[in-house]
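Student: Sequence:
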Amino acid sequence: MSRKSLFSPEKKLYILQELEQGGHSLLSAAPGSTPMLHSYRGFQYTSLAFKKRLEDHGLTQSMSRVGKCIDDYIYFYNYERLQSKLNSLSPIEFRNKAA
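Converting from the sequence shown to this note's numbering requires adding 41 to each position, the first position being numbered 1.
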């Protein structure tokens, strides 16, 4: 009896779709180099299937350490960054005042 996965999050990732459709222009830009894909630790990126597919295409995987994600700028951008056009408030402070 064979099993078929009805949901495969890896198939929805743009980078893999691009690689599998022959979009290797970035990979061939620097001969002899090892391209690296940097991501956060989401379940799509930590799966063994995803890692295998990256290896199949010659990519090295890189992930931020827990609590040190490069995506922390989103918090800064919305909660801490003051904007003169928002009366020196952060976007969240401005939105909360407007509500």
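These are calculated hints, taken from the structure and not from any lab test. Predicted model only: the values in this text are computed from it and were never measured. Cβ coordinates follow ideal geometry from the N, Cα and C atoms, glycine included. Hints are not guaranteed to be accurate.
[Said to hold, decoys possible] Here are the simulated SDA-like cross-link-like pairs (lysine to any residue), alpha carbons at most 20 Å apart as the crow flies: (1) LYS92 / TYR116; (2) LYS92 / ARG82; (3) LYS92 / GLN102; (4) LYS93 / LEU78; (5) LYS93 / ARG122; (6) LYS92 / ILE115; (7) LYS93 / ARG82; (8) LYS92 / MET77; (9) LYS138 / LEU127; (10) LYS93 / HIS79; (11) LYS92 / PRO76; (12) LYS138 / PHE117; (13) LYS92 / PHE117; (14) LYS138 / TYR116; (15) LYS93 / TYR114; (16) LYS93 / MET104; (17) LYS92 / TYR118; (18) LYS138 / TYR120; (19) LYS92 / GLN58; (20) LYS138 / ASN119; (21) LYS93 / THR75; (22) LYS126 / ILE115; (23) LYS138 / ARG122; (24) LYS92 / HIS79; (25) LYS93 / TYR116; (26) LYS138 / ASN128; (27) LYS93 / SER103; (28) LYS93 / SER80; (29) LYS92 / SER80.
[As the list claims (entries may be wrong)] Now the in silico label distances, taken between C-beta atoms and shown as ranges: (30) ASN128 / LYS93: 14 to 22 Å; (31) SER88 / TYR116: 36 to 44 Å; (32) ARG136 / ARG82: 26 to 34 Å; (33) ALA139 / SER88: 40 to 48 Å; (34) LEU123 / LYS92: 18 to 26 Å; (35) LYS92 / TYR116: 24 to 32 Å; (36) MET77 / LEU127: 35 to 43 Å; (37) LEU89 / ILE115: 24 to 32 Å; (38) TYR116 / ALA139: 39 to 47 Å; (39) SER129 / LEU89: 44 to 52 Å; (40) GLU121 / SER74: 35 to 43 Å.
Student: With reference to the structure, classify each hint as holding or not holding.
Tutor: Do the hints match the structure? See the list:
The hinted pair formed by LYS92 and TYR116 fails the criterion: a straight-line CA distance of about 28 Å is larger than 20 Å. Taking the CA atoms of LYS92 and ARG82, the gap is near 12 Å; set against the 20 Å cutoff, the hint holds. Only pairs whose Cα atoms come within 20 Å are accepted, and LYS92 paired with GLN102 is accepted, the gap being roughly 7 Å. Distance restraint check for LYS93 and LEU78: the Cα-Cα separation of roughly 13 Å lies within the 20 Å cut-off, and the hinted pair is therefore satisfied.
With a CA separation close to 39 Å, the supplied pair LYS93 and ARG122 exceeds the 20 Å bound. Taken as a hint, the LYS92 and ILE115 pair is broken in the structure, with Cα atoms around 26 Å apart against an allowance of 20 Å. A hinted pair counts as satisfied when its Cα atoms are at most 20 Å apart, and LYS93 with ARG82 qualifies at roughly 16 Å. Of the pairs offered as hints, the one joining LYS92 and MET77 holds, with about 12 Å between alpha carbons and a cut-off of 20 Å not exceeded.
Distance hint between LYS138 and LEU127 is fulfilled; the C-alpha atoms sit about 11 Å from each other, no more than 20 Å. The suggested pairing of LYS93 with HIS79 holds, with an alpha-carbon distance near 15 Å, which does not exceed 20 Å. Restraint check: the Cα-Cα separation between LYS92 and PRO76 comes to about 14 Å, which is no more than 20 Å; the hinted pair holds. Only pairs whose Cα atoms come within 20 Å are accepted, and LYS138 paired with PHE117 is accepted, the gap being roughly 19 Å.
Only pairs whose Cα atoms come within 20 Å are accepted, and LYS92 paired with PHE117 is rejected, the gap being roughly 30 Å. This hinted pair checks out: LYS138 and TYR116 have alpha carbons roughly 18 Å apart, not beyond 20 Å. Note on LYS93 and TYR114: the hinted pairing is violated, with a Cα-Cα distance of about 30 Å set against a maximum of 20 Å. Pair hint LYS93 plus MET104 holds up; C-alpha atoms about 15 Å apart against a cutoff of 20 Å.
As the CA atoms of LYS92 and TYR118 are separated by approximately 31 Å, the hinted pair breaks the 20 Å bound. The straight-line distance between the Cα atoms of LYS138 and TYR120 is roughly 13 Å, inside the 20 Å bound, and the hint therefore holds. A threshold of 20 Å between alpha carbons decides the hint, and for LYS92 with GLN58 the separation of about 14 Å falls inside it, so the pair holds. The hinted pair formed by LYS138 and ASN119 meets the criterion: a straight-line CA distance of about 14 Å does not exceed 20 Å.
Of the supplied pair hints, the one linking LYS93 and THR75 holds, its CA atoms being roughly 15 Å apart against a limit of 20 Å. With a C-alpha separation of about 19 Å, the suggested pair LYS126 and ILE115 falls inside the 20 Å cut-off, and the hint holds. The hinted pair formed by LYS138 and ARG122 meets the criterion: a straight-line CA distance of about 16 Å does not exceed 20 Å. Pair hint LYS92 plus HIS79 holds up; C-alpha atoms about 12 Å apart against a cutoff of 20 Å.
For the proposed pair LYS93 and TYR116, the alpha carbon gap of about 32 Å is over 20 Å, so the pair is violated. With a C-alpha separation of about 11 Å, the suggested pair LYS138 and ASN128 falls inside the 20 Å cut-off, and the hint holds. About 14 Å separates the Cα atoms of LYS93 and SER103, which keeps this hinted pair within 20 Å; it holds. Between the alpha carbons of LYS93 and SER80 the distance comes to roughly 15 Å, so the proposed pair stays at or under 20 Å and holds.
Between LYS92 and SER80, the direct Cα distance comes to roughly 12 Å. Compliance with the 20 Å bound is thereby established for this hinted pair. Between ASN128 and LYS93 the Cβ separation comes to about 51 Å, which falls outside the hinted range of 14 to 22 Å. The given range of 36 to 44 Å is broken by SER88 and TYR116, whose C-beta atoms sit roughly 26 Å from each other. In this structure, ARG136 and ARG82 meet the distance hint of 26 to 34 Å, their C-beta atoms being roughly 29 Å apart.
For ALA139 paired with SER88, a C-beta distance near 41 Å keeps the hint of 40 to 48 Å intact. A hinted range of 18 to 26 Å is violated for the C-beta pair LEU123 and LYS92, which are about 41 Å apart. The hinted window of 24 to 32 Å between LYS92 and TYR116 holds, with their beta carbons roughly 28 Å apart. For MET77 paired with LEU127, a C-beta distance near 37 Å keeps the hint of 35 to 43 Å intact.
A beta carbon spacing of about 28 Å between LEU89 and ILE115 agrees with the range 24 to 32 Å that was offered as a hint. For TYR116 and ALA139, the Cβ-Cβ distance of about 20 Å falls outside the hinted range of 39 to 47 Å, so the restraint is violated. One distance hint, 44 to 52 Å for the beta-carbon pair SER129 and LEU89, holds here, with the actual separation near 48 Å. Separation of GLU121 from SER74 is about 36 Å and conforms to the stated range, judged on CB atoms against 35 to 43 Å.
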